[in-house]
Every structure is written in C-alpha cells, then in structure tokens.
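Participant: Residue-level listing of the chains:
Protein chains: 2
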Amino acid sequence: MAEGQPRSVMHRLRRALLGAPIPTSKAHHERLSPLLGLPVFSSDALSSVAYATEAILMVLILSSQAALKEQIAISVAIVALIIIITISYQETIQAYPSGGGSYIVASENLGPKAGIVAGAALLIDYILTVSVSVAAGVDSILSAVPSIKLHIPDATVTISLFFILLVAYANLRGLKESGSVFAVPTYGFILSMFVVIGVGVWKTMHTPAGVPHVETGGLVGKEATVGMLFITLRAFAAGCTALTGIEAVSNGVPAFKAPEQKNAQKTLIWMSSILAVLFIGMGYIALGLPTHYNDFRLVDSASPRYLTLIAQIAAFGFGKSTSFGMFQVTLWFTAAILILAANTAFADFPRLASLLARDGYLPRYLSRQGDRLVFHNGIMVLAVLACALIVVFQGKLDALLPLYAIGVFAAFTLSQTGMVVHWLRERHRGWQKSAITNGIGAFLCGVVLLIIGYTKFAEGAWLVMVLIPLFCALFWSIKKRYGSMTRQLEIAGQPKFVAEGHLSLLLVPRVHRGILNGLDYAQQLRGECQAVHVTINEKTLPELQRMWDEFGREVPLVVLPSQYRSLISPVLDYVDRIREDRPNLMITVIVSEAVSTKWYQRLLTENVALQLKNSLARRKGVVVANVRYFLN
Amino acid sequence: MAEGQPRSVMHRLRRALLGAPIPTSKAHHERLSPLLGLPVFSSDALSSVAYATEAILMVLILSSQAALKEQIAISVAIVALIIIITISYQETIQAYPSGGGSYIVASENLGPKAGIVAGAALLIDYILTVSVSVAAGVDSILSAVPSIKLHIPDATVTISLFFILLVAYANLRGLKESGSVFAVPTYGFILSMFVVIGVGVWKTMHTPAGVPHVETGGLVGKEATVGMLFITLRAFAAGCTALTGIEAVSNGVPAFKAPEQKNAQKTLIWMSSILAVLFIGMGYIALGLPTHYNDFRLVDSASPRYLTLIAQIAAFGFGKSTSFGMFQVTLWFTAAILILAANTAFADFPRLASLLARDGYLPRYLSRQGDRLVFHNGIMVLAVLACALIVVFQGKLDALLPLYAIGVFAAFTLSQTGMVVHWLRERHRGWQKSAITNGIGAFLCGVVLLIIGYTKFAEGAWLVMVLIPLFCALFWSIKKRYGSMTRQLEIAGQPKFVAEGHLSLLLVPRVHRGILNGLDYAQQLRGECQAVHVTINEKTLPELQRMWDEFGREVPLVVLPSQYRSLISPVLDYVDRIREDRPNLMITVIVSEAVSTKWYQRLLTENVALQLKNSLARRKGVVVANVRYFLN
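Protein chains in written order, with numbering that gives the first Met the number 0: chain A, 0 to 631; chain B, 0 to 631.
Quick caveat, the hints were computed from the structure, so don't treat them as lab data.
Backbone N, C-alpha and C define an ideal beta-carbon position, used for all residues, glycine too.
Treat each hint with caution, since some may be false.
As the list claims (entries may be wrong) - Rough simulated footprint, nothing fancy, chain A against chain B, three-plus residues with beta-carbon under 8 Å:
hint	region
1	246–258
2	360–369
3	476–490
4	513–519
Claimed, not checked - Below, a list of computed lysine to aspartate or glutamate pairs in the EDC-like style, where the Cα atoms sit at most 20 Å apart:
hint	chain 1	residue 1	chain 2	residue 2
5	B	K479	A	E605
6	B	K538	A	D358
7	A	K619	B	D519
8	B	K538	B	E549
9	A	K112	A	D358
10	B	K619	B	E489
11	A	K25	B	E537
12	A	K479	A	E489
13	A	K538	B	D358
14	A	K538	A	E549
15	A	K479	B	E605
16	A	K478	A	E489
17	A	K478	A	D358
18	B	K619	A	E592
19	B	K597	B	E579
20	A	K619	B	E592
21	A	K478	B	E549
22	B	K619	B	E579
23	B	K478	A	E605
24	B	K25	A	E549
25	B	K619	A	D580
26	A	K619	A	D580
27	B	K479	B	D358
28	A	K619	A	E592
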C-alpha cells in the first residue's frame, strides 16, 4: 500500500484502532498439542458447568423440594450422554480430518437442505453462546464483588455489553486462538474447581445433609407421577446446556499437531472427562449444602446479593471474602473461562457464516476476509445480535437458557445422522461399528432434542423453533437470488447489446477553469458532445452564452429552463427525452466540480454530482463522470 | 418534471409532506392596503407588549417596591423612543421604495463592513424573535389553561419546540404572508387588548392603588441614587424589547399597493400608535393593580400557577375563568399574535441569509429557492437554532430577554447612520430635515444600544456581543474563500492544461454480462484501454484468464495481486504508479456494477464503485465511471 498517498480520516482512524493490515501470506495457525488444544477448544464446554447444574436445581427446587432427589439421576443421565456423544464424535474426527462441522457433515451426507438447517441452528446457537456465557460471567463477577452493582447502573446489562464489545474488538484486530494465552484461565478454572469441589465433598460428608422434609407440592397419585416426570424431563433438558460446545474439537482437527486425528481424539476424551467430573462433583455438593445455601440464586440471608451456585459452593468450602482467597480466585477464573467461551463463538460464527456465504446462502461479503485477516463483517453481525439479546432479555440467564441447547442438539442430530449415511456409503473395514456408534448418538440426540423442545417450549424454545425455519427460508431465497443473478449475468444466451453510439453531456453552470477541465475530458470521449446549462436566473444567460462562445471550443450549448429552480430535474428530463428517441444510445453526463481540500471549505459548495448520480441511478445506459478540479 | 419516471422513496416522501413544486412564474406577492399591511408587518412589534412591560416591572419589583414609581417615567421614555424611531423610519421608506433593510442601507452607505455587522446583528435577532415570541406565546397558553402542565412533561419546552417546528413546516410548504389570514389574530389581539385595558383603566380609577410603602432596599444617600439610576436604566433597557420589529414595514415597502411609500408610511404610523397606546395602557394598569396582583410571574395565591402580566390584567378586569370569556379570548389572541411574530422571523431570516449568500458572505446554497419557492435551507437553519435556544434556556423568557433587543438596536443605529450618509450624498431638496431626523434617530439608538449593552451585560447581553463579531469574522472568511475560489477558477492567467492522452481502466472482478457492458463503454472512450483484475484467490485466476481471452475483445488484462485482500488498494496503487510515470495522463476507472432494482436485493452486493470513488477522490485527473447493468 502506498502509504505516501493521502488517506481519509476514516482510514487513519481504522488503522489506529485495528492496527496495520496483515498480508495473506502470514495466515497460519499454530499446531496444537493436546495440552494446548484443550484450552483452545474446551472453554465453551467446560464453562457450561457454571450454569448447567444450577439450571437443573432451579427447575427442581421451584417445583418442590422433594424433586431435588431426582437431581442425582439427572446428573448421571447427562454424564452418560456426555460419554455417548464423545464416543460418537471420535468417529467424526476419524472421518473428517479436515474438520467435520455439523454444516459440512450434514450437507455432504444428507444434502444441502439438511446442511442449511444445521447451519441455521448453529448460527443461532453461537449467538446464544455469546449472550449466555457473558451474562454468566458477569453474574460470577457480581457474586465476587457485589458492591459493583451500587456503582454501575443496570450492572448486568452494562458490563455484559462492555465484554461483548471488548471481545468483538479483540477479534476485529485479529486475536489468534493462542493455546498458551488461553491455557492460564482454562487450567486455572479447572484447578480451582477441583480444589473447591474436593473441599466441598469432604465437608458435605461431615455436615448434616440439607435436604428438607418431603413435600409433594399438591400433586397426588397418577397426576403426581405425570407431573414429576415432566419436571424431571424439564430439569434434564435444562442440564443439557452442559453439552454445548462439546463438538468444538471435531471442527478443529487440522489445528492439531500430527498425528492430528489421534491428538484431537485424545483432547476430546480429556475434555469430556473433566466436564463429567466437574458436573457430577457440583451436583453432589449442591445437594449436600446446608439448607441456608440451598436457595440458589435467591437473596443471600447475610447481605442483599445474589450468589451463583459456584459462588455458594466456593463459599461453603472457603467462606465468602472480598479479599484475595479461594472464593475470589474461583469466581474470577469462572468469569474468565466464560468470556473465553464467548470468544470461541466469535471465531466460530464468522467462520460458519463465511462457509454459508461461500455456498451462496448468505451475502458474499461475509466470506471476505478484511485486512486483518478476519471475517470482520461476521464479527460485527455477531456482536450486534448478541448485544441485542442481552438488552432484550435484560441479561437474565434464567430467560436466556431455555433458548439455548436446542440449536446444538438439532445440529448434533443432523451431524450424527449424516455420519451414519457416511459409513453406509463408505463401508470401509469395520464400518458397522462406526455406523452403530453414530446411529446410537443420532438417536439419543434426537430424543434429547424432542425433550428440550417439548419441556422448554413455552419458556422460550418456541422462539428458536420459529427462527430456525425462518433462517433456512432466508438462506434459500438468498441462494435463489444469487442463482438468478448468475443466470442474468451469463454471457452466452443473452441478446447482443448494440450500442447506438455515444453522447457526452457536459454540465455548464458557469464558465470557469474547472468546466474547461470537464471539456478536456469530454473531448476524450467518442461521439457527439453537448454542453448543457440549466438556467434559473434568465439575467445571467447572455453573459454565459458569450463566455461559452469564447471558451467552449465549438461545442454546442443547450439551455434548459428550470421551472422549479432545480438543477437536477431539467437534466433528468433532457436525458429521458433523448433516450426516448434513441433508446440504445450511451450517455455520459460529465459533472465538473471544483473541490476544496479542506472539509470545512467543502461546506461552501453543494455536491450536485452526488445528487445527480443518485437521481440517474435507475436509468439504463447513463454514466455520471465526475471530473474534479482541485482548489487549494 | 417527467412524473412517469421512477422516483426514490425520499422523493415521494418529500412530495407528500411539502406538496407539488411551484413554478417560478407563480412567484408573486399580493399587494397590500394599509388595513391588510398592518397584520402582515406588525405582529412582531405589537406582540412585544406581551413581555416588554412585564420585563420593566420585573426589574423594578425585584430591586425594591419603591422603584416601581419609575415605571411611569420609563414608559414615557420608551413611547418617546417609539415616536422618534417611527419618524426616522418614515425617511427610510421615502428613500428606499424597494425595501430598506438595515443590511442594505448600511452596506450601501457605510460600506460592506458596516453591512455585515448589521446583517450579523439582525440574524441573531431573528433567531431570538422566534425563541422569545414562541416562549411568550406558550406562557400565555399556560396562563390560560394551567392544567396543561400536569399532562405534558416539561410543558414550556415541549410546546415551544412543537410550535417552532410547526411554523418551520408551514414555511417550508411555502406559507404566503397573507393579509386576510393574518388579520384575524392581529385585529383580534388589538381589539381584545383595547377592551381589557379600557376596563382595567376604569377599574383602577375606582380601586385603592396597590403601591405599597416606600422601601429603599438598603441603599442610602449617594449610593442609593447611583443604584437607583442603574436600576432605572436596566428597566428601561428591558422595556426596549417593545421596539423590536418596528423596522418591519420599511423592509416591505414593495408589498404595498400604489402609492407604495405613502401606504407604508401610513401603516407604520398606525402600528406605532397602537403599540404606544397598548404599552402606556398596560403600564398604567400594572401599577394600579391591587397588591395581590402585583407579584408578577410569581405563584398566584389561589392556585399554583404562573400568570403573565396580560393574564393578570385580563383577570383584574374580567376574572379568571377556564371557560370561554374575555380572559381566555385575550390570552389565546396573545398567543396567536406571538406565534405570528415567530412566523415573521421565518420569512425575514431566510431572506436576509439569502442576501448575504448572494453577496458571498454565507454559503451560496442559502440563496437558492427550493421547489416550493422558499429558501428552504435558511428555514431549516433558523428552526434548528431557535430550538437550540429554547432547549439551552429551558424556554425561560427571563433568561432569553436580556439577549434580545441588542441586535435590533445595533442594526437600527447602523441603518439610521447610513441614512444620514445617504442624505449627505444625495442632497435633494430639503435634505437637511431628513438628515437631522435620521441623525437624531441614529444618536438615540446608539445611546440606547450602550444602555442595553451596559445594563444587561452580565445577564446575557455579553453573549450577543461576542457572537456578532464572531459572525462577522465568519462572513468575512467565507467571502475571502469564495474570492480565492473565483481567482483559482479564472480562465485567463491559468497555465493551459495539456492532457497527455487518456487511459481507461476497466475493472474485471469476474467475466459476466455486466462486465461486457463496461467493455462496451470503455470502447466509447479514446486512447488506451486496460482490463484490471485484482486477485485475492490465485486458484480462480486461470479460469478468469481463459474467459477474458474469449470475451475480452483483445483488451489486455492486468492482474494485480492483493496482499491484504482489499479490492481497492491495489487499484489505487496501480493508478498512482501510472501517474508517476505520466503525470498529465487522464485516467478513467470504469466500474461495472450489476444492480438489483429492489433495495433488499442490493443488500447482497457490496458497493465497490462508491468505495473506489471515495478513495480516488483526492487524486487529480482520475474519473470513476460507474456503468450499471440492471438485473430484475
């Protein structure tokens, strides 16, 4: 780039904010070992323990304290689900060494329609990942330092928006998914959670249990059983948010060191194991907490503040303290890994959007990498949508969570089904085992999807169930429009255009140096040339005519009266009249403009060229050429 | 105008709001008799009694009740001033049958510098006329129906802004200054004021006077005398707002029926007489009001509402009533004539701004009449500034009034001084009488100007005293800039530009029908032609090359690599490189664009032409030609 050339203020501002452009040749990814791969790909999955267990307990505790007993069964079911999906995705990693995202797997094996459903579901889920993770992260911070609420109005929303914009900005600058940078918060979170859960488990075993008397909540007999089943399923559905992000490793196989697939599989197993342990551990302690700790997310008796479940568990083990200690460390690491999870979505959403755009389902500019080598359009779209969700739902996790997970499980189901088709087609040695594994995965994910859709429908899942088909319809119509554009732009089969010559119209408001510049230009064009003057004040006409006779180099001058004092309309009308007579004539309207270099000096002149260009925009075969004469 | 042509949404919205365009041939003014001339030109002057007497009393009553005695003397002084200025302006009408505004009289006789001082002073005053009149009108409405305040938040500001925008809108549509329409509120106001004042005077004569015991307010001896003098002068200065608008008739002489000057002079005498009678009458009753009516603009004891002086006088004669009656009629007529006064400024400000623009002191587009035959730019500027004043001063008349009148008297002084010079030059028969009359006028206006500037300085007059020179400096620098532009655009004396030929660069992102359209166009241009392709993805290059070989009609293809994936920078760099070698070459960059007709379809494509045009904006001798290919 010729940096010596004058650049606009906007351009310089852009450079200052985003940094110098990065050449395409610098595009590379560090190759990750499982140790560094874990931080890069697991923040989304691991961070979900910050809200999943709590979400289960919220459902159970609100229906009846008795229901809390079901919590163990639900936790076991979810861990089983984690194991099955993990095994299932081992197969995907094996089959798609170049990355097997749900959109690709579904498109390739089930056809484009299934592909765009998976794509729509995932895009919605990535938006929710940002909103949910950031809101949960802010909850964690507010649990750590509740006094923040006194100083910042509407603290949850304000801080959430701040973090979304911060992460978006970092990604616009081209933040790399760096294993070593991500390692600190991820391993810090894992370690502090192990300590907190370990101490919690030990303490629970030496404390009287907090489960109160059994209350059936008014339901008896068969009704009670049906009611209980629904509540249990709803709690299970709530807990399924723990599985969001588990597919991340399978998307990123090429990022691993050789042997890529082996390392990816190893990382996935490690991640799932840690997730299962954290999840089971938290569930165990939550039930064993003394009664006064049991009112999750209700006002803490000691001070008017909400505490997240992780905060309560940490407080149970180490006490609450606003000074440095295990309580603070745990909550800040929790916040950090949640913000990292949002950051993951800022890599995934634009990448998926670019795939969809490349295939013609979204506007093509979403597939263009900006000068910082990032999909800047996708990043900005995601930031706007995630911020909108935070504002609409006032940053309330309880309101956002029911929307979450449904997109994930729709994508899981399609992806696993696609894998079954893949194995049926390929039929390599031992294909039966792979097909059965993925078949079980697909079936279970489908069942979970139905459970989530059914039990959370009224709470908000309906919105996602409406949005996915709407997105698909949008994708489909964009694809159709691009197809129509391509056909219309095809060279073969179109009637040959025969230009019936060319006419230049040089606008002459007055006769000055800039106009002569325009005349110079007009003489570089072939065909006829006319000078056109729009007259508002008849009195100035003779002088203009005289000047033109002297300097107009024999070009004929057409005078157009302007009944309504507009400089634009008479030109439009004149052009229209000419085209009526000679429809295939090409017309160039030359606007000579004297341009000042300083913006405040430009306030003294009207931009007639721009107005004229906009007015002529819909007329075929008319080109506006803006010849500038520079003043100092 | 060819209405059959497609028009933009903006255009249609404009037509719906403002109505069809009005041809220049329809520009005419009705010729006014004195009877209809009075309503058109007197609203500004007459309506000022709504705040002038009150302003005097506010100053006096706030210093000491004793000072109230001075009110009679001040009223007499102001009536004397009205008479002298009226006589003085009779001379102006005689000398300038085509309209003798202060800007014209001062420019012609005292030179352009005095002219722009008068222009600046008047522009500022017209802005204040709008703000002050509308705020006083709203005060009158709120005195009539105080309960409005309970229903509209921030009632004074909200309703004031509403009226300013309403009047601005009416003027944008091209409201005519129609004598018969304006007659109703003006004569209604005069009549109701005569009734109210008549009844008030009769009642005052039969009621014990409300002037309380003499209190000197802490000042004794010489100090008391000096303090009293200052207070009296300040009250006098406050009362001078009654004279604003008195010059209106002299500006509008050509609007009268023949004999124009005679009729204008007759109208001016009538207006001044009515003004003097209303002013003296209100002053007399105000002093005679019972004590409990004497706390002007303070909370009325009966209900928590502010009453304007006119409201108190009307209530004194006819009692307060929210149902139809003399009290309501008077206040609503007062509000109406005040809004009319604001309307007058909406005619005067754009007209003066257009004169200044025509002379090169303001951007020229302020002198352009829009398609409704009005100076739309001036109207919008005035509306914005008047609204800003209302918001900044929270619609408070007490805060706005000290800024008012200083501009008027500055303009009066310059105009009358200009008249003296005029007579000294002309020396027609009996010139001595005219010169002496205007000399006295000029001297008195100058003295009043000093009094206003001195006594109201701290209250806000300083702001106007700072703004007038700032405006003048702005006018002067605009004039200078236009002068410099004209010199630079002069044809004689400039070196003859020698174009070293012409080069067309046709951008070829892909090869399609639209590009061939661009190629058609390129072949209408003389000189060399090159096709330019910016390559981001090397893989698509061979196919493009092959297509160009087939359809490119032998035009050579230049391939530019894009290190930073920008489509713009490589073109800029290429253009810069060519121009380095051949600085006087003319270059046309042809951008072929496939354009969809529906706006939502256009969302699918980037506007590269616009980006390129903005980027090339500062490069000399480069023209961007945007060839459009229309899709359906």
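Participant: Now tell me if each hint is right for this structure.
Facilitator: Structure-based check of each hint:
With a threshold of 8 Å between beta carbons, the proposed coverage of the region 246–258 of chain B by chain A is violated, since 0 of its residues qualify and at least three are required. Remark: the region 360–369 of chain B is confirmed as covered by chain A, as 6 of its residues place a Cβ nearer than 8 Å to a Cβ of that chain, reaching the required three. Counting residues of the region 476–490 of chain B whose beta-carbon sits less than 8 Å from any beta-carbon of chain A gives 10, enough to reach three: the coverage restraint holds. Check result for the region 513–519 of chain B against chain A: holds, 4 residues qualifying (beta carbon to beta carbon below 8 Å, three or more required).
Of the pairs offered as hints, the one joining K479 of chain B and E605 of chain A holds, with about 18 Å between alpha carbons and a cut-off of 20 Å not exceeded. For the hint pairing K538 of chain B with D358 of chain A, the CA-to-CA distance comes to about 17 Å; that is within 20 Å, so the pair holds. Pair hint K619 of chain A plus D519 of chain B holds up; C-alpha atoms about 14 Å apart against a cutoff of 20 Å. With a C-alpha separation of about 19 Å, the suggested pairing of K538 of chain B with E549 of chain B holds against the 20 Å cut-off.
Only pairs whose Cα atoms come within 20 Å are accepted, and K112 of chain A paired with D358 of chain A is accepted, the gap being roughly 12 Å. The suggested pairing of K619 of chain B with E489 of chain B holds, with an alpha-carbon distance near 19 Å, which does not exceed 20 Å. A threshold of 20 Å between alpha carbons decides the hint, and for K25 of chain A with E537 of chain B the separation of about 16 Å falls inside it, so the pair holds. For a cut-off of 20 Å, the pair hint linking K479 of chain A to E489 of chain A stands: about 15 Å separates their Cα positions.
The suggested pairing of K538 of chain A with D358 of chain B holds, with an alpha-carbon distance near 17 Å, which does not exceed 20 Å. Only pairs whose Cα atoms come within 20 Å are accepted, and K538 of chain A paired with E549 of chain A is accepted, the gap being roughly 19 Å. Note on K479 of chain A and E605 of chain B: the hinted pairing holds, with a Cα-Cα distance of about 18 Å set against a maximum of 20 Å. With a C-alpha separation of about 17 Å, the suggested pairing of K478 of chain A with E489 of chain A holds against the 20 Å cut-off.
For the hint pairing K478 of chain A with D358 of chain A, the CA-to-CA distance comes to about 8 Å; that is within 20 Å, so the pair holds. Only pairs whose Cα atoms come within 20 Å are accepted, and K619 of chain B paired with E592 of chain A is accepted, the gap being roughly 12 Å. Taking the CA atoms of K597 of chain B and E579 of chain B, the gap is near 42 Å; set against the 20 Å cutoff, the hint is violated. Of the pairs offered as hints, the one joining K619 of chain A and E592 of chain B holds, with about 12 Å between alpha carbons and a cut-off of 20 Å not exceeded.
For the hint pairing K478 of chain A with E549 of chain B, the CA-to-CA distance comes to about 28 Å; that exceeds 20 Å, so the pair is violated. About 12 Å separates the Cα atoms of K619 of chain B and E579 of chain B, which keeps this hinted pair within 20 Å; it holds. This hinted pair checks out: K478 of chain B and E605 of chain A have alpha carbons roughly 16 Å apart, not beyond 20 Å. Using a Cα cut-off of 20 Å, the hinted pair K25 of chain B and E549 of chain A is violated, with the two alpha carbons roughly 35 Å apart.
Between the alpha carbons of K619 of chain B and D580 of chain A the distance comes to roughly 36 Å, so the proposed pair goes past 20 Å and is violated. For the suggested pair K619 of chain A and D580 of chain A, the alpha carbons sit about 14 Å apart, so the restraint of at most 20 Å is met. Distance restraint check for K479 of chain B and D358 of chain B: the Cα-Cα separation of roughly 12 Å lies within the 20 Å cut-off, and the hinted pair is therefore satisfied. Using a Cα cut-off of 20 Å, the hinted pair K619 of chain A and E592 of chain A is violated, with the two alpha carbons roughly 24 Å apart.
Comparing the model with each numbered hint stated earlier shows that hints 1, 19, 21, 24, 25, 28 do not hold.
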